[in-house]
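Protein chains in written order, with my numbering: chain A, 1 to 165; chain B, 166 to 279; chain C, 280 to 403.
I should point out that these hints are in silico values taken from the structure, not numbers from a laboratory.
Treat the hints with care, as some may be off.
Derived DSSO-like pairs (lysine-lysine); straight-line CA-CA distance at most 27 Å [as the list claims (entries may be wrong)]:
no., chain 1, residue 1, chain 2, residue 2
1, C, K387, C, K374
2, A, K119, B, K228
3, A, K154, A, K50
4, B, K228, B, K185
5, A, K50, C, K366
6, A, K119, C, K299
7, C, K353, C, K387
8, C, K374, B, K228
9, C, K299, A, K50
10, C, K354, C, K366
11, C, K374, C, K354
12, A, K119, C, K374
13, A, K44, A, K154
14, C, K354, A, K119
15, B, K228, C, K353
16, C, K353, A, K119
17, A, K44, C, K366
18, B, K228, C, K354
19, C, K354, C, K387
20, C, K374, A, K44
21, C, K287, C, K366
The primary structure of each chain is shown beneath.
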Amino acid sequence: MKRGLSAPLRKWMAHVSVCEKCSYENSFPIDGGNYDNAGQVSGKIKTILKDMGIGNNVVRMVAVITYESEINIVSYARQGMIRLHVLPEHIEIEAVDEGPGISDIHLAMQQGWSTATDKIREMGFGAGMGLNNIRNFSDIFHISSDVGSGTRLKMIIHIQQEQNC
Amino acid sequence: MNLETIVQALQLDVKSGRDKLGVEVRGGYVGDLLSDVMANGREGDLWITRQIHQNIVAVASLKDLAGIILVRGAEPAADTLEKAVRENIPLLTSNLPAFVMAGRIYQMICPRNA
Amino acid sequence: MLLREVQKILDAEVLVGAEKLDMEVHTAFGADLMSDVLAFADSGCLLLTGLTNPQVIRTADVLDIAAIILVRGKKPPPETLRAAADKNIPVLSTKYILFESAGRLYEKGIVGSAQKVDGPRVRL
Numbered sequence: 001m002k003r004g005l006s007a008p009l010r011k012w013m014a015h016v017s018v019c020e021k022c023s024y025e026n027s028f029p030i031d032g033g034n035y036d037n038a039g040q041v042s043g044k045i046k047t048i049l050k051d052m053g054i055g056n057n058v059v060r061m062v063a064v065i066t067y068e069s070e071i072n073i074v075s076y077a078r079q080g081m082i083r084l085h086v087l088p089e090h091i092e093i094e095a096v097d098e099g100p101g102i103s104d105i106h107l108a109m110q111q112g113w114s115t116a117t118d119k120i121r122e123m124g125f126g127a128g129m130g131l132n133n134i135r136n137f138s139d140i141f142h143i144s145s146d147v148g149s150g151t152r153l154k155m156i157i158h159i160q161q162e163q164n165c
Numbered sequence: 166m167n168l169e170t171i172v173q174a175l176q177l178d179v180k181s182g183r184d185k186l187g188v189e190v191r192g193g194y195v196g197d198l199l200s201d202v203m204a205n206g207r208e209g210d211l212w213i214t215r216q217i218h219q220n221i222v223a224v225a226s227l228k229d230l231a232g233i234i235l236v237r238g239a240e241p242a243a244d245t246l247e248k249a250v251r252e253n254i255p256l257l258t259s260n261l262p263a264f265v266m267a268g269r270i271y272q273m274i275c276p277r278n279a
Numbered sequence: 280m281l282l283r284e285v286q287k288i289l290d291a292e293v294l295v296g297a298e299k300l301d302m303e304v305h306t307a308f309g310a311d312l313m314s315d316v317l318a319f320a321d322s323g324c325l326l327l328t329g330l331t332n333p334q335v336i337r338t339a340d341v342l343d344i345a346a347i348i349l350v351r352g353k354k355p356p357p358e359t360l361r362a363a364a365d366k367n368i369p370v371l372s373t374k375y376i377l378f379e380s381a382g383r384l385y386e387k388g389i390v391g392s393a394q395k396v397d398g399p400r401v402r403l
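Next comes chain A alone, as it looks inside the complex (with noise of 0.2 Å):
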């Protein structure tokens, strides 16, 4: 558990505090069907959160859902963002892609449900497990989909205070 702020939490928070609309915000556009890439965005977000001072539990629930969601944007979509958004008392992701949506959610929600091809399954994803552990790893969890258009999940993660304080 992490226990005294670090430095640039200190600056960040003393900041927030005259001005309390001040967050850390920030997009990170994520093409569909590249591979290489996957990964890239949830590693520059776990650096962010990292070098903010946040406590390492959080970090790593915001890691894995962002890892999730960008392998599903990779994986399904032509192409998406995830948005981050950092608040003094919790976290707020957003995962939109631009593809051909989610017809039953229900059923996509359901552990071992997946229309996964060969090589995504090859890299240890298209299991049926991806949009649960997302769910699980959120605080809260929202997801919509819209056939021919695309998905938008929104997750808020809590800052707990004693990972900041």
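Based on the hints, put chains B and C in the right spot on chain A.
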């Protein structure tokens, strides 16, 4: 060692193939990719996996594996269980993770004076 | 146990991270499904896997996994080795299958990695 002994010792839940627990377990294989197990599993291997897709039953059947253990609380998909019952393949479940399951079974079937 | 001892027990070749063989490891996780690893593996564990693509390294990096053991004599493609060197994650290759690798390590006292994940929390 027969499968029944391992089922008893590790308290595995028997989902199907109860009348085939007398089968001899000759070795073990841990793997989650069907193509890997198809290529490298050997007859009499007890297969430890998290893969719950119904094709695991076909692989176990084709390769004459001793049985399948789904680990870390994984439950077979409905069509997987149906198929395992129909083909009479021992399908077992446990809460132990794959590493520990492999470790325990290895100790039972490959005792060495290390 | 030191990673050096793991290397001896598995008669493994060190592909990346020869300078990190003195790190301590206590737990291990064996899987080919990266989503399984992401859901359950602890940071600091050994990852035993038959996969060799760069996603194995990215998964290990996400979770701060200590080292990767490639089983069944697998040699990874250059991009995997580059990613591992980049992230400073040791990669070892053993000729044993995952079952036997797990058996040998478990016998010598390495225990299972057991990150607990609660079920779904709040859903909108």
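Hint check:
no., hint, verdict
1, C:K387 with C:K374, "18 Å, holds"
2, A:K119 with B:K228, "23 Å, holds"
3, A:K154 with A:K50, "21 Å, holds"
4, B:K228 with B:K185, "16 Å, holds"
5, A:K50 with C:K366, "15 Å, holds"
6, A:K119 with C:K299, "33 Å, violated"
7, C:K353 with C:K387, "23 Å, holds"
8, C:K374 with B:K228, "22 Å, holds"
9, C:K299 with A:K50, "23 Å, holds"
10, C:K354 with C:K366, "18 Å, holds"
11, C:K374 with C:K354, "10 Å, holds"
12, A:K119 with C:K374, "25 Å, holds"
13, A:K44 with A:K154, "19 Å, holds"
14, C:K354 with A:K119, "19 Å, holds"
15, B:K228 with C:K353, "22 Å, holds"
16, C:K353 with A:K119, "18 Å, holds"
17, A:K44 with C:K366, "12 Å, holds"
18, B:K228 with C:K354, "26 Å, holds"
19, C:K354 with C:K387, "25 Å, holds"
20, C:K374 with A:K44, "34 Å, violated"
21, C:K287 with C:K366, "24 Å, holds"
Comparing the model with each numbered hint stated earlier shows that hints 6, 20 do not hold.
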